[in-house]
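J.: Sequence:
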Amino acid sequence: MRRTTIALVLLVLLVALSACSSGGSPSGSPSGSPSGSPSSQDGSPSGSPGEAPTGGTREDPTVVEPTEALLDWTETGNAAGTPYLQGPAWTAATTGGGSSVVLTGGDPDVTVEAGGGRTISEVLMDEDWAVVVRQDKAETAPSEVVTVDLTTGERGTVATPPAASGGSWAMTGGDLYYPTYGDGRAYCLATYALADSNGEDGWCAPGNTGFSQLTASDLGVAMMTFDDARPVACRTANLLDGSGVPQPVEGPTECRAWDVAAAHDGYAWSEVPKPRRQEEAHFYASAYDAFFDLGPGTTGSLTPCGDSLFFVRDPQTGDEPARLMRWTPDHTLEVAYESTSTGNAFLGEPACAGGVLTLSSFGEQGDEQVWAPVA
Numbered sequence: 001m002r003r004t005t006i007a008l009v010l011l012v013l014l015v016a017l018s019a020c021s022s023g024g025s026p027s028g029s030p031s032g033s034p035s036g037s038p039s040s041q042d043g044s045p046s047g048s049p050g051e052a053p054t055g056g057t058r059e060d061p062t063v064v065e066p067t068e069a070l071l072d073w074t075e076t077g078n079a080a081g082t083p084y085l086q087g088p089a090w091t092a093a094t095t096g097g098g099s100s101v102v103l104t105g106g107d108p109d110v111t112v113e114a115g116g117g118r119t120i121s122e123v124l125m126d127e128d129w130a131v132v133v134r135q136d137k138a139e140t141a142p143s144e145v146v147t148v149d150l151t152t153g154e155r156g157t158v159a160t161p162p163a164a165s166g167g168s169w170a171m172t173g174g175d176l177y178y179p180t181y182g183d184g185r186a187y188c189l190a191t192y193a194l195a196d197s198n199g200e201d202g203w204c205a206p207g208n209t210g211f212s213q214l215t216a217s218d219l220g221v222a223m224m225t226f227d228d229a230r231p232v233a234c235r236t237a238n239l240l241d242g243s244g245v246p247q248p249v250e251g252p253t254e255c256r257a258w259d260v261a262a263a264h265d266g267y268a269w270s271e272v273p274k275p276r277r278q279e280e281a282h283f284y285a286s287a288y289d290a291f292f293d294l295g296p297g298t299t300g301s302l303t304p305c306g307d308s309l310f311f312v313r314d315p316q317t318g319d320e321p322a323r324l325m326r327w328t329p330d331h332t333l334e335v336a337y338e339s340t341s342t343g344n345a346f347l348g349e350p351a352c353a354g355g356v357l358t359l360s361s362f363g364e365q366g367d368e369q370v371w372a373p374v375a
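Residues in the sequence shown are numbered from 1 upward in steps of one, following my numbering.
Misleading hints may appear alongside valid ones.
Mimicking SDA-like on lysine to any residue, the simulated pairs with C-alpha atoms at most 25 Å apart in a straight line are [what the hints assert, rightly or not]:
1) Lys274 <-> Val232
2) Lys274 <-> Ser243
3) Lys137 <-> Gly106
4) Lys137 <-> Asp107
5) Lys137 <-> Thr157
6) Lys137 <-> Thr76
Don't read these hints as lab results, they were simulated from the structure.
These figures come from a predicted structure and were not determined experimentally.
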């Protein structure tokens with residue numbers, strides 16, 4: 001499962017960066033944000049404050065107690081852990097161990113094959129578009145990217161800028177964000193406007209650094225940047241500004257950040273308190289320069305969907321279930337899902353497609369995969 005590979009992913013990225021970025025890298029900002037970019041000019045999402053939320057200082061954040069507000073979950077009919085996305089009208093099911101993706105919802109269905117020597121590594125979907133990433137199994141050639149217009153069924157490809165193998169991907173408002181290589185093999189962020197078939201290079205990470213944990217919504221685009229320090233990389237939470245350049249957010253403890261995403265009136269992030277337990281995090285949020293303590297959670301699980309942010313919380317005691325937590329636009333914390341099993345239970349990383357969440361749950365009382373619209 002994903003949580004057992006988080007540290008390995010960062011290690012692979014660091015090794016690749018140290019091998020390819022010794023020649024220097026451009027760090028200038030792109031000429032502009034992609035069409036429909038939600039990023040703000042100062043690195044913080046824009047908003048019109050009404051009555052300010054009751055938060056604390058960074059040194060003494062307000063502890064937010066969750067309330068139960070379960071979403072209306074429906075079983076997908078698949079085994080838990082199946083690569084599957086439920087959208088408002090379409091579904092995307094990866095089959096054959098990553099050999100193909102079947103998009104169902106139109107007439108006829110659309111099947112995208114991985115092709116020889118490749119595997120399906122990413123599937124992103126919203127109301128209008130599906131994006132399928134075909135990664136080279138040897139991870140030596142660029143990834144191939146297929147786009148599908150869900151209104152017409154028409155296929156396209158993302159050829160420029162060429163996609164790096166692997167890495168972190170995100171999509172919002174018809175714009176695709178993904179890793180590419182710039183001059184001197186610098187690790188860079190590319191953007192691609194799906195409707196216009198127009199891509200451009202953007203910000204490039206300085207030498208011996210990289211980025212991961214991309215998140216995107218109509219509130220903003222965020223990423224975690226990291227260096228090649230040993231034994232533990234220094235990690236920083238960022239939001240992209242209006243020029244597409246990552247700007248560190250205020251609040252995270254230096255070098256400990258992991259997840260980050262834009263939220264209504266601010267942002268949320270996670271920190272890893274114990275370097276040797278990188279799957280365990282503590283989540284926080286900021287709104288109108290006030291700070292909130294959201295409690296424990298799982299690294300790599302912070303997911304924007306609909307009007308909210310979601311993250312996974314493992315059982316904290318032997319009689320607790322695994323939970324999906326929701327940080328709402330009203331700056332409240334809700335329990336959106338609870339597993340049937342307690343104690344020995346956990347959730348997979350939630351996936352969002354056009355305001356619909358898909359979630360896998362595992363435990364001794366049974367596994368399930370479910371979906372729910374985010375109201």
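J.: Each of the hints needs a verdict: does it hold here or not?
T.: Tested hints:
Between the alpha carbons of Lys274 and Val232 the distance comes to roughly 11 Å, so the proposed pair stays at or under 25 Å and holds. Straight-line distance between C-alpha atoms of Lys274 and Ser243 comes to about 34 Å, which puts the hinted pair past the 25 Å bound. Proximity of Lys137 to Gly106 is assessed by CA-CA distance (about 30 Å); at most 25 Å being required, the pair is judged violated. A C-alpha spacing of about 32 Å is found between Lys137 and Asp107, which places the hinted pair above 25 Å, so the restraint is violated.
Proposed proximity of Lys137 and Thr157 is supported: the alpha carbons are some 19 Å apart, at most 25 Å. Restraint check for Lys137 and Thr76: the C-alpha separation of about 29 Å exceeds 25 Å, so the hint is violated.
Hint compliance for this structure: hints 2, 3, 4, 6 are broken, all remaining hints hold.
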